[in-house]
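Colleague: Can you build the whole structure from these sequences, using the hints too?
Protein chains in written order, with the working numbering: chain A, 282 to 440; chain B, 44 to 845; chain C, 24 to 324.
If you're looking for bench data, these hints aren't it; they were derived computationally from the structure.
Cβ coordinates follow ideal geometry from the N, Cα and C atoms, glycine included.
It is possible that some hints are incorrect.
[To be verified] Okay, derived cross-link-like pairs now, DSS-like style, lysine-lysine, Cα gap no bigger than 27 Å in a straight line: (1) B:Lys59 x B:Lys611; (2) B:Lys139 x B:Lys361; (3) B:Lys765 x C:Lys296; (4) B:Lys784 x A:Lys378; (5) A:Lys378 x B:Lys765; (6) A:Lys378 x B:Lys68; (7) B:Lys315 x B:Lys280.
[To be verified] If you want the footprint, here are the derived chain A segments under chain B, 3+ residues with CB under 8 Å: (8) 319-328; (9) 352-363; (10) 385-396; (11) 422-431.
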Amino acid sequence: MNTSSHEISLTVNGRAVEATVESRLSLADFLRRELGLVGTHLGCEQGACGACTVLVDGRSVRSCIMLAVQADECELRTVESLAPGLAMHPLQDAFHKHQALQCGFCTPGMLLRCLELIEENPDITDEEAREGISSNSCRCTGYQYIVDAVVEAAEQMRQ
Amino acid sequence: MPTVREHPETLNWVGKSIRRIEDPKFLRGRGNYIDDYSVPNMLEVAIVRSTEPHARIVSIDTSAAEALPGVAAVVTGAAAAEVTDPMPDFGPSPDKHVWRCLAVDKVRYVGEGVAAVAAESRAIAEDAADLVHVEYEPLPPVVDWHDALAEGAPLIHEALGSNVPFHRSFVFGDVEDDYAEADVVVSDVLYWGRSGGQPLETVGAVADYDLGSGMMTIHVNSLTFTSFLFMLAGTLKVPSNKLDMHPHPAGGSFGAKFWEVKTAAIAGMMSKVTGRPVKFMQDRLDNIANGDHHGSDRRYEVSLAALRDGTMLSMKVKVVDNYGAYIQFGVGHHGNSLAQAVGPYRMRSIAYDVTAVLTNKCQQGAYRGFGSEVGNWVLERMVDLMATELDMDPVEIRRKNFIQPDQFPYFIPTGNCYDSGNYEGVLDKTLELADYHGWRRRQAEMRAEGRLVGIGICTCQERSVFSATEFWFWFDQPVGVTSSPESVTLDIDAMGAVTATLYSNASWGNSPETMVAQFAGEELGVDPSEVNVVYAGSNQGLPATGPGGSRFTIMVSGAVEGAANRIKAKAAKIAAHLLEANEDDLEWIDGGFAVRGSPDRRKDLGEIALQAHLFKHSLPDEIDSGLEASFVHDHPYTTLPNADRTDLGVFYPFVGHASHVAVVEVDPDTGKVEFLDYTAVHDCGTCVNPRSVGGQVIGGTVQGLGSTLFEEFVYDGDGVLKTPSFAEYLLPSALDSPALKVGHQETPSPYTPYGIKGGGEAGRMMAPSAICAAIDDAVGIRVRRLPATPERVLDMIEAAED
Amino acid sequence: MKSPPFEYKRAEGAEEAAALLNELGSDARILAGGQSLLPLMNLRLASPAFLVDISRAGDLKFLHIDNGSSGASPLHVGAAATQRDVEMSAHTLRVAPILAEAIANAGQVPVRHRGTVVGSIAHADPSAEVPAAFLAQGGSVIAQSLGGRRVIPSEDFFDGVFSTVLEEVELVASVRVDEWPEGSGHGFRELSVTAESWPVAIAAALIHITDGEVDRASVVLGGVGSTPLWRPEAEAILMGSDAGAEAIEAAAEAAAAGLEPPSDTFGSGAYRKKMARVLTRRALADAAERAGAAERAGGKQ
Ligand code: FES
Ligand code: FES
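Modeller: What follows is the structure, given as structure tokens:
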């Protein structure tokens, strides 16, 4: 069957984007396939793993179970926005220092979720970080170094 | 025996927790994973998966699918069989259980591919896959090991004549004598449920067949087993020198991308059929149901014989392994178990009877431990049972039986060699770090309050660096010693900057680039963060085997060492010329050559490289331009099995050790297990990057926890897969995972560069034993079946009350 | 796992959504947060021809406390209000803390950022948290159709697995959650195999205590039947009791009696039945403690 297309305009990582999207296109596929922002990953496409996490209007969202057309007029942030230049974001730096990643596949989604956690709670503790990241699966690290990195990044970002 | 190495006393880079070289690209979302890679004019593939566990394919109607706009080709299994040969199969008698990229004539498990669609997008390909109509004639499903062995059981592969592709009874040592001498024999029946690596990223491939040149180029995140790519070329019916594999980092593997070859085969086949580049990216449903990498699925009848004082003498193991519909790696999983069959204990003999059965499940592949994790769990379950029987402390029975530091190299009854070890050292560290005695006190207090608190300990081996000889024992005549080599090229450019080229698909969550950079730093005196690491396509490649069996770090360390030595040999000649000194008077010091005794007369590697690149004609005649060298590092220590297989030879000789202590509390009403504390101390020889090792230990432990408590691919009695997605197949979340206390001990291997042993499978090889012992201790009844789900634990509690 | 094709329509208000449903017929589904529906579509377990998106409908994006006619002030949740907003709202904590607790247990924060309370109720998953809490506290569903609105009491709303009494041409515009009087306490307990997996079973309970005696109680179980199950037998045992351990145990037993829960890979029917009892006991203990505390606090005033 034919599916309708829709005009959308939104902001992605600070830049205005206009696009025509098919109804069924997920936000994740829009970012990956149409905008080439392949840092947003797909692990399950059913909202279970969190690999596709992006920030929509400042809030973490599973982009595999949101339609691109639903992002019309929204402001999006993907992992590509964290460090547009040479220097890494303090959160990325903390992940690097603590080896809070192994294969790196969960990392973009994890970073955005962690950024949200720190922004909501600048004094985040180990326990709060652990609870907060339980929304996102990581199959490699066993989470511990991620907790370490979040707590340290929060400290850095407070300064 | 291999030469015993003298390890340098001071190291500059090996042993430092430097930041990982591979991380910046991942942190920026520029990992270049396979699904990030696309080429113009590319089609995408979706698979029509079988809905039946066991059925004859009566007909397939592809007309509606073909008519859908955007569809380029629909290929059934029968059509695929015309353009491809069977899949690479390391199993016994592959012609009797033929495995193809798509099923032909009949399907053997839910999820098996029956047709492939290539279309302009994955979404259209899925639309078309839905329109393919397959008519099945159902056959009775065979799901349980037990049903597979039953008289008159339906056959998974008629050509085999039974559902048993392999059975063998091994006896290593004087088992019967040892049993006769024993005071006590304990026995049990244990089940290990099927779990799997389930990395967050599935397997994908982009294949491009060039009709003009006949080249088949495949970009892939799997197939680390590079030396065996010629087998894939065979499947695709292309000459082996016309297959070029380009590696992409794997978003996790844990074995599941060791040799996941079907995805590449399907992509290659579809590219040949359509004449266009083709991407096949599994989705999660493909990956779980049809990814060919489920883990072990075993039932054990096992006994352990000991003297009254706790001295363990011998073990008898009878294991049936439910392999699913195919058996691609043969019973290599049991080879892995046999590499460390007696654990860290001085046991004199072991009988091992293994039966592989075929059923209507997805086939097994590799999962962190490759079957040896199951052997560890069974052994430790039995040691705990013996301790209970003899009323011994679980710590003391282990201590009493440890192989002692002065007994290495130690040959276990199966023939494998343990290179070095200090098991008591690890145990003592663990007890201290865990505050074991403190926890025992607290446990008594908590129990007095009615809480079900348990403490479990295990002491387990981690064998590393297979030589692949464990794949041999179904051949009557071994075909030869397999080396499983790893190679590297080091290139020093005119500015003295180092590029290291790797030849396998090495990146799957381990730290290959960091390892290589640290070794290059050590050998050449450069800063690892300035080493550029790249990957070669297989067609221009050197022999390589990639990660798997905790082998990569060790093998590549030897390759870097060898290549660096070749570079230094050439550099020494150039330096001697420049310094007008005799080569023999030079010494390598701080990244350059200096005249012995006059340290000011020196040339740094950079200066030498500049000369080598630009001023060849100022140098002696025999020196040609450039400064690069390659080295193929072969397995340092492997021997053949003997003819009657009472000795399997040395095939996994670098053997690490670990001890874990788990403290759990069990909810008496629900059976849920919570962690109060967790400690892991590992000895994988010299740690190259201690933080990386710690990361492997923690991640592996959490995976072990998953296999122990809830992860399982469940097939019901009718062969229906009940866990097809991440809604049902559960991964541990941060809240399910304990905060670990991790300790390291370093007992170097005498046979490897720097004394490194493998550490990549650690954690998962130990955690099940420690956690089960803790649950036993909490509820007073033994865990016999994994996963120990809340319901199963509650059943145990209720049984204990009766 | 890509969704089958469909037509996307955006409704700017409840009336427009109802008009679209009327026009498009049985092939249309309402899309609010999409956190249940879109996964099913990606899995190709659902394939509606039309989705009517109400997530931006201005007149459905609200959360407030109504001025109730009979003195009670129900929490009123519009169909476009996200779970996270409802979870974090002071209104919810005041009128329906059980709902906040249920939401906190449902899915993960990023899912709750888009998922809606009304969507979860309309989806009618028998093992979901929000419907169980809604039914336990009681209230009503306001259904919108082209012809207007009707009010469906919460206890009449669910009629089967993923099924409600809603007509094809109706959507849920909002739900009202009744306010319970001072001196009430709630308990919400669920058991799941992992911290993030679907619940095996759920118990949601409220108790009101006057002068040390239970004079109102509500017990609802999730995950053990084809809908969230209201357990009047348990309530009857609690009424007039002191909500002590004995009464609670008897009520928990009654709550689980006669259940024939389904089995799945998380647990058998028999296990679910046992858990229903355990969780009811725990939820009631929480509710009794809170109610007791509330009554004591009230008494001091
Ligand atoms: S890919 Fe979106 S949650 Fe897994
Ligand atoms: S780093 Fe591999 S999944 Fe998290």
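Colleague: Return the numbers of the hints above that this structure violates; sort them in rising order.
Modeller: 5
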